[in-house]
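Asks: Quick mapping for you: the protein sequence lines, in order, are chains L and A.
Be aware that the first sequence starts at 1, since it is given in this note's numbering, and climbs by one per residue.
Be aware that the second sequence starts at 1, since it is given in this note's numbering, and climbs by one per residue.
There are no misleading hints in this set.
One-sided excerpt, in silico: chain L residues whose CB lies under 10 Å from chain A:
1. Ser6
2. Phe18
3. Ile32
4. Arg42
5. Met91
6. Lys92
7. Cys96
8. Ala102
9. Tyr104
10. Trp121
11. Ser129
Hints are computed from structural coordinates only; laboratory data are not their basis.
Ideal Cβ positions, reconstructed from N, Cα and C, are used throughout, including at glycine.
What follows is each chain in one-letter form.
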Amino acid sequence: MCGTYSLTAKERYIRDPFGLDDDPPWTPRWNIAPTQQIATIRQHRSEPKRIFGLMRWGLIPYWAKEPSIGLKTINAMSETAAEKPAFRDAMKRRRCLIPANAFYEWLRIGPKQKQPYCFRWLMGSVAKSGRRIRRNMHDSYDQAELISCRCA
Amino acid sequence: MLRPEDYDLWLDPGITDFKRVVDCLKPFDASLMKQYPVSTRVNRPENDDQECAREIPIADPAPRVF
Numbered sequence: 001m002c003g004t005y006s007l008t009a010k011e012r013y014i015r016d017p018f019g020l021d022d023d024p025p026w027t028p029r030w031n032i033a034p035t036q037q038i039a040t041i042r043q044h045r046s047e048p049k050r051i052f053g054l055m056r057w058g059l060i061p062y063w064a065k066e067p068s069i070g071l072k073t074i075n076a077m078s079e080t081a082a083e084k085p086a087f088r089d090a091m092k093r094r095r096c097l098i099p100a101n102a103f104y105e106w107l108r109i110g111p112k113q114k115q116p117y118c119f120r121w122l123m124g125s126v127a128k129s130g131r132r133i134r135r136n137m138h139d140s141y142d143q144a145e146l147i148s149c150r151c152a
Numbered sequence: 001m002l003r004p005e006d007y008d009l010w011l012d013p014g015i016t017d018f019k020r021v022v023d024c025l026k027p028f029d030a031s032l033m034k035q036y037p038v039s040t041r042v043n044r045p046e047n048d049d050q051e052c053a054r055e056i057p058i059a060d061p062a063p064r065v066f
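This is chain L alone, in the form it adopts within the complex (with noise of 0.2 Å):
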């Protein structure tokens, strides 16, 4: 599961791979949190193009209460993201990619010690799956959540 990812690709090397007809506006961050705007890229309903735009890291479903709720909606797992109902639809058909260079985990390394790691692609920037939900039709911004596979 990721926590925390970087994207420190300058704006032409995020436009190229991810097919973006514009240069999008980014300026590389190594230290990316949820509930802070993430880059995100999804397909255009009618047109054969690519839209980029910011959206919040974490799903707030329509029915929560408390914004809150996003914090526990940051990451889903491969094998289980299609079965939790209040996201399936998302799935199903809002789909977006996340782009990142790499991502940081902690590992236990003592009772009380974490030791932070990096996680780098060594291929430069590459995507991240995820969904992504807009809470209402009054909210004008929307949120996206990762979709963690594991690694081989």
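Let chain L serve as the given structure and place chain A on it in line with the hints.
Replies: Below, chain A alone, put in the same frame as chain L:
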């Protein structure tokens, strides 16, 4: 992680078949990744700079998880 060859399928809003979508989510090849320890600076979201991703020497490295 998605493979570049699966981007089109993953993004296609016309594809709503779960099986085809989930098939894109395969384990990523660990040989294409590097794993190394970094400073605990990354624990705090307000630290957002290159130092977060810089490799640091540690005395007792954790076993590889991948």
